[in-house]
Amino acid sequence: MNVLPFQVVQNEPLLRARGVTIDYASERGTVRATHDVSFDVWRGDRFVLLGPSGCGKSTLLKAVGGFVAPRAGSLQLDGKPILKPGPDRIVVFQEFDQLPPWKTVKQNVMFPLLAGGTPKREAEARALVWLGKVGLAPFADAYPHTLSGGMKARVAIARALAMQPEILLMDEPFAALDALTRRRMQEELQALWEENPFTMLFVTHSIEEALVVGNRILLLSPHPGRVRAEINSHQFGLHSAGGAEFKATASRIHNLLFGAGGAAHVDEAVPAGRAVQS
Amino acid sequence: MSANLNVKWDPPVRPEYEVPLTAAGVPAAGAPAAGVPGVGDDGLVAPLRRLAQAGWLRKGFLLLVIAALWETLARWTDNDLLLPGFVQTAKALIEGTVSGELPRYVGVSLSVLLQGYLAGVLGAFLLTTLAISTRIGRDLLETLTAMFNPLPAIALLPLALLWFGLGKGSLIFVLMHSVTWPLALNTYAGFRSVPETLRMAGRNYGLGKVRLVTQILVPAALPAILSGLKIGWAFAWRTLIAAELVFGTTSGKGGLGWYIFQSRNELFTDRVFAGLAAVILIGLLFENIVFQQVERLTVRRWGMQR
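In the order they appear, the protein sequences are chains D and X.
Residues in the first sequence are numbered from 1 upward in steps of one, following this note's numbering.
Residues in the second sequence are numbered from 1001 upward in steps of one, following this note's numbering.
Think of the hints as simulated: they come from the structure by calculation, not from any bench.
For clarity, every value in this text was computed on a predicted model and none was experimentally measured.
One thing to keep in mind: the hints can contain errors.
Restraint-style ranges between C-beta atoms, simulated for each label pair [to be verified]:
1) X/F1125 to D/K84: 25 to 31 Å
2) D/G242 to X/N1006: 37 to 43 Å
3) D/A72 to X/R1301: 46 to 52 Å
4) X/F1125 to D/A175: 49 to 55 Å
C-beta atoms are modelled at their ideal positions from N, C-alpha and C, and glycine is treated no differently.
Please construct the entire structure, taking both the sequences and the accompanying hints into account.
The following block contains the structure:
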């Protein structure tokens, strides 16, 4: 894992979430999405928010993106509070319609760069570099509707990484893909990270994906989303999926989320998770 | 059937096999490709079939049949005053065009139409801008379109004549009415159906309110806006011809509707038909060629519309 040219000692986490409580209005009144969630993301982390549906993981990601304001608690990026959406936190969504269909692949990647005031020529050069990295250089002038789902996901990733954001926010980016494509996208994401490490906050509901993609996993329990545990997964890569340790961790997470052992188990597991953090 | 439910079906275990991949296009093992009837050996039928596939050809054929029927019927009734034939109408149309009389009327109509259309587009633009920026603007748009969209523009003509007098002003007023409401309704619906993800992506890149509208909402809503423009154009064209028929000239210069009306007064029925044909042709030209071309270059190219 030690591909960094030199090791940087960090004193402060990049993203700091403290006691984040998020409510949202629905037809039946206010619904609490997350309750008192705290976590730290350090530079170079591939930090995963994992939990079943209804645990508020996507809402949490949207709050980090600045789209949703927490009711209580604070979210800070690099010491500054997050107040509104901004290009230092680029989101890769799950939906395929995140790519404006009226722009070609290249124009899609250039779009946020141009919006941020990058000169056109430089934006174009950067777009082509990143399209090359995700293997889409031959499709630079194609329109999104002619691409497959996996290719659209690649464009979205290239578009996000070309911005070189402080933190990349990924909202179940591969959930709409078929199993084979999803697997390839996980591999490619891993390769991109190893080539050029970035900080990433990754939302998923798949335990396997969390273990493979992330180096640290925040488990959230549903209704409302509360922190259940924080787990290390830096030791797992794409090829450890069949191993005994991998399986043991996966079933540990499964038990934490779905409570095979009942209440007693829950009480004992949470402090254990916290202990890893400190 | 119920007896079958009790049967335990036991499929046989078959041997496995693997097929080595060969160069593309070459069937691996004696696949049935040759000898299929009707694939390659009908040298004469294929071009004919391809011609039958061309929609314009089939429609052209239908038009010829209709023209022939019309001509037959006209010759059978033998009354130029009531029903001039196809040939006679075509002659009147060509004569009118060559003499410059018909193009002049068409020019007057189109110039009024364009002014009214642009005024309507401007009205719709203002209304939708209000509607997407404030809640009261949204209520205003919804109320006004609900009230005025069902009201035929031509019904406003008497009032328009009262307010603006006999002239271009009245025409532009009714044209504006026929364009503004459907266009505003469509544009607004288009804006509302822009995917939330796309809006969030735009905000994510730090686009402000104005740039979010111009760079995300308008292009994303373009299919709806174009269809609104199309509907508005169709309404406006029909309204204009009808309005011209009702009160004709504006300061001595009439449009196509006036030409039809006047020709009837002078009992040139073939010219009435020629005028109607011109109305159809111009309508077709804009609706099927201009707008279709715009769609082909934009929304269809982008896969937003089939």
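Against the structure, the hints come out as follows:
{"no.": "1", "hint": "X/F1125 to D/K84: 25 to 31 Å", "in the structure": "28 Å, holds"}
{"no.": "2", "hint": "D/G242 to X/N1006: 37 to 43 Å", "in the structure": "41 Å, holds"}
{"no.": "3", "hint": "D/A72 to X/R1301: 46 to 52 Å", "in the structure": "48 Å, holds"}
{"no.": "4", "hint": "X/F1125 to D/A175: 49 to 55 Å", "in the structure": "39 Å, violated"}
Hint 4 from the earlier list is the only one contradicted by this structure; the remaining hints agree with it.
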